[in-house]
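*Asks:* Put together the whole structure using the sequences plus the hints.
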Amino acid sequence: MANNLSGGFKAFLYRDLLLAIRDRGDLSKPLMFFLLVAVMVPLAIAPEANKLSAIAPGLIWILALLATLLSIERLFSEDYADGSLEQLLISPNMLMMPILGKITAHWLVIGLPLTLLSPVIAIWFSLPISAMVPMMLSLALGTAVLSLVGAVGAALTLPRQGGVLLALLVMPLYMPVLIFGSATIQSAVDGLNWLAPLAMLAAFLAIATVLCPLAISAGLRIAKNG
Amino acid sequence: MSTAFSAVFWHNSPLIFQGSNSPLTTHTFLKVESLAYERNDAVVFQPVDFALKAGEALQLMGVNGSGKTTLFQLLTGIYTPSCGSISYCGQLVNNCRYEYLSDVLYIGHQSGVKAALTAEENLRWMSPKNTTSEKISAALGAVGLGEYSQIICANLSAGQKRRVALARLMTGQAKLWFLDEPLTSLDKQGVELIEHCMNQHLDQGGAILFSSHQDLAQVKTRNYRLEPFEEVA
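Chains as they are written, first to last, in this note's numbering: chain A, 1 to 226; chain B, 1 to 233.
No lab work stands behind these hints: they were computed from the structure. Every residue gets a Cβ at the ideal spot worked out from N, C-alpha and C, and that includes glycine. Be careful, since some hints might not be right.
[Claimed, not checked] To spell it out: a stretch of chain A is covered by chain B in this simulated footprint if at least three of its residues, at any positions, have a beta carbon under 8 Å from a beta carbon of chain B; those stretches are:
#1 9 to 22
#2 80 to 88
[What the hints assert, rightly or not] Sample of chain A residues with no beta-carbon within 12 Å of chain B, all distances over it, derived:
#3 Leu100
#4 Gly191
#5 Ala199
[Said to hold, decoys possible] Lysine to any residue pairs mimicking SDA-like chemistry, simulated, CA-CA at most 25 Å apart:
#6 Lys224/A with Ser85/B
#7 Lys224/A with Lys31/B
#8 Lys161/B with Ala11/A
#9 Lys129/B with Ile21/A
#10 Lys10/A with Ser133/B
#11 Lys224/A with Gln46/B
#12 Lys224/A with Ser87/B
#13 Lys224/A with Val63/B
#14 Lys10/A with Thr132/B
#15 Lys161/B with Gly141/B
#16 Lys224/A with Asn40/B
#17 Lys135/B with Glu147/B
#18 Lys129/B with Leu13/A
#19 Lys224/A with Asn94/B
#20 Lys129/B with Arg22/A
#21 Lys161/B with Asp82/A
#22 Lys224/A with Glu33/B
#23 Lys135/B with Tyr14/A
#24 Lys10/A with Cys153/B
#25 Lys129/B with Pro92/A
#26 Lys224/A with Met61/B
#27 Lys224/A with His109/B
#28 Lys10/A with Lys129/B
#29 Lys224/A with Ala36/B
#30 Lys224/A with Ser212/B
#31 Lys224/A with Thr184/B
#32 Lys161/B with Ser91/A
#33 Lys10/A with Thr171/B
#34 Lys135/B with Leu18/A
#35 Lys135/B with Leu13/A
#36 Lys135/B with Ser91/A
*Replies:* Here you go:
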């Protein structure tokens, strides 16, 4: 008796996307943050192409990381408050697929738009055109890792809404993504082989996809069993 | 995972309830033996013992804070009991978790109704996967929300939201209903509607455990009172 509630990946993906569309104001906050800071930095520092392109790889990645962190803390807190998390926990099926569905929805709502917006910022920061594709690839893979790892923190900090504790928990795990993400762009700017750092990001994503849902389901059970 | 294995293993077990015509209808669905739960070094209630047979409704009584909701959370496996056992159709629920939870419909205080979704979307989401659209609109019509099915639940009243959650009783296929205070914020017609649903479910060989501070006029129930824990000297 497969229940829609526990049905899995597609059901949760669809529901969370629908909820995100209904609540557009909240959805746009991290993206606005990403854009606004990116617009302000050249004005505040110096509008010189060589200075800006020197800091751009790191800056774009820091912004992507913070934008994801800002949005991830709400991943489970609403479900917790309105009782749908409880219904998820008593479903007979495994929690992994619904959780992956929720995280995929989060990535589609945050990570993917960030990736698609990044060329605008890259031009703003005078990054060479040749760095566009590596940048977008690194952001697409990297933000997915950020969503997965951030969700572990969001599950562990329930029933409170993440905040400082969430940031402290996931920051160390975000560091490798930040390093290899900005390294991908930097290598492309310097004309080096950018596939190596990108492959590291892909490896992180593979590991996180397998391990994070396990940690999240355990975290959610602990949160309710408190 | 162990649940997946037990699902395969127990699926053909003769102990599993096969339908209302089966000779097992009068079998004890749920048996709870000296179930206790300890929170913050305090035992929540006097150990609980009861059995629930097919066609039976059991009303949980107890003062505020006596642990009624905690008991529901124990029965649904959200909390882990400190001691005691819960068995379903003669099997410990830990050994047949998949079958047990497939047969449980639990509506708690927070009913899982999403404020940003319409009544229809909420019910579709909470109903079994193969539920037809006709069945969903019929259920919404039956709870008196036929005209409101396309309205976002944030704009519905507390009682109407409750009705959205209770419409699950009509679309679900679970044999065991756990209803935590189902009558909260319902009007008189709403209460009668729930009583009608419960009677239908009992006639079909289902079983109900519910908590409520008011007695139901139309449904034949047994009472079980949760007592505060007293230490035996």
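*Asks:* Each hint: holds or not?
*Replies:* For each hint, the structure was consulted:
Given a C-beta distance limit of less than 8 Å, the hint that chain B covers the stretch 9 to 22 of chain A holds, as 5 residues qualify and 3 suffice. Counting residues of the stretch 80 to 88 of chain A whose beta carbon lies closer than 8 Å to any beta carbon of chain B gives 6, which reaches the threshold of three, so the coverage claim holds. Listed as a non-interface residue, Leu100/A keeps its Cβ farther than 12 Å from every Cβ of chain B; the least gap is roughly 15 Å. In this structure Gly191/A is separated from chain B by more than 12 Å, as the shortest Cβ-Cβ distance comes to about 48 Å.
Every CB of chain B is more than 12 Å from the CB of Ala199/A (nearest about 31 Å), matching its label as outside the interface. This hinted pair checks out: Lys224/A and Ser85/B have alpha carbons roughly 20 Å apart, not beyond 25 Å. For the suggested pair Lys224/A and Lys31/B, the alpha carbons sit about 24 Å apart, so the restraint of at most 25 Å is met. Annotation: proposed proximity of Lys161/B to Ala11/A holds, straight-line Cα distance about 22 Å (limit 25 Å).
Note on Lys129/B and Ile21/A: the hinted pairing holds, with a Cα-Cα distance of about 23 Å set against a maximum of 25 Å. Among the hinted pairs, Lys10/A with Ser133/B is consistent with the structure: their alpha-carbon atoms are about 18 Å apart, no more than 25 Å. Between the alpha carbons of Lys224/A and Gln46/B the distance comes to roughly 22 Å, so the proposed pair stays at or under 25 Å and holds. In summary, the hint linking Lys224/A to Ser87/B is supported, as the alpha carbons are separated by about 22 Å, within the 25 Å threshold.
With a C-alpha separation of about 23 Å, the suggested pairing of Lys224/A with Val63/B holds against the 25 Å cut-off. Proximity of Lys10/A to Thr132/B is assessed by CA-CA distance (about 18 Å); at most 25 Å being required, the pair is judged to hold. Using a Cα cut-off of 25 Å, the hinted pair Lys161/B and Gly141/B holds, with the two alpha carbons roughly 14 Å apart. The straight-line distance between the Cα atoms of Lys224/A and Asn40/B is roughly 15 Å, inside the 25 Å bound, and the hint therefore holds.
A hinted pair counts as satisfied when its Cα atoms are at most 25 Å apart, and Lys135/B with Glu147/B qualifies at roughly 15 Å. Of the supplied pair hints, the one linking Lys129/B and Leu13/A holds, its CA atoms being roughly 15 Å apart against a limit of 25 Å. Taking the CA atoms of Lys224/A and Asn94/B, the gap is about 18 Å. The hint holds against a cut of 25 Å. The hinted pair formed by Lys129/B and Arg22/A meets the criterion: a straight-line CA distance of about 23 Å does not exceed 25 Å.
The straight-line distance between the Cα atoms of Lys161/B and Asp82/A is roughly 12 Å, inside the 25 Å bound, and the hint therefore holds. Our distance criterion of 25 Å between C-alpha atoms is met by Lys224/A and Glu33/B, whose separation comes to about 23 Å. Distance hint between Lys135/B and Tyr14/A is fulfilled; the C-alpha atoms sit about 21 Å from each other, no more than 25 Å. A distance of roughly 23 Å separates the Cα atoms of Lys10/A and Cys153/B; the hinted pair therefore holds under the 25 Å criterion.
The suggested pairing of Lys129/B with Pro92/A holds, with an alpha-carbon distance near 14 Å, which does not exceed 25 Å. A hinted pair counts as satisfied when its Cα atoms are at most 25 Å apart, and Lys224/A with Met61/B qualifies at roughly 24 Å. Taking the CA atoms of Lys224/A and His109/B, the gap is about 14 Å. The hint holds against a cut of 25 Å. This hinted pair checks out: Lys10/A and Lys129/B have alpha carbons roughly 12 Å apart, not beyond 25 Å.
Distance hint between Lys224/A and Ala36/B is fulfilled; the C-alpha atoms sit about 18 Å from each other, no more than 25 Å. Between Lys224/A and Ser212/B the alpha-carbon distance is near 23 Å, which keeps this suggested pair within the 25 Å criterion. Between Lys224/A and Thr184/B the CA atoms are separated by roughly 23 Å; this keeps the pair inside 25 Å, and the hint holds. Only pairs whose Cα atoms come within 25 Å are accepted, and Lys161/B paired with Ser91/A is accepted, the gap being roughly 22 Å.
The hinted pair formed by Lys10/A and Thr171/B meets the criterion: a straight-line CA distance of about 21 Å does not exceed 25 Å. With a C-alpha separation of about 22 Å, the suggested pairing of Lys135/B with Leu18/A holds against the 25 Å cut-off. For the hint pairing Lys135/B with Leu13/A, the CA-to-CA distance comes to about 24 Å; that is within 25 Å, so the pair holds. This hinted pair checks out: Lys135/B and Ser91/A have alpha carbons roughly 22 Å apart, not beyond 25 Å.
Consistency note: the structure conflicts with none of the earlier hints.
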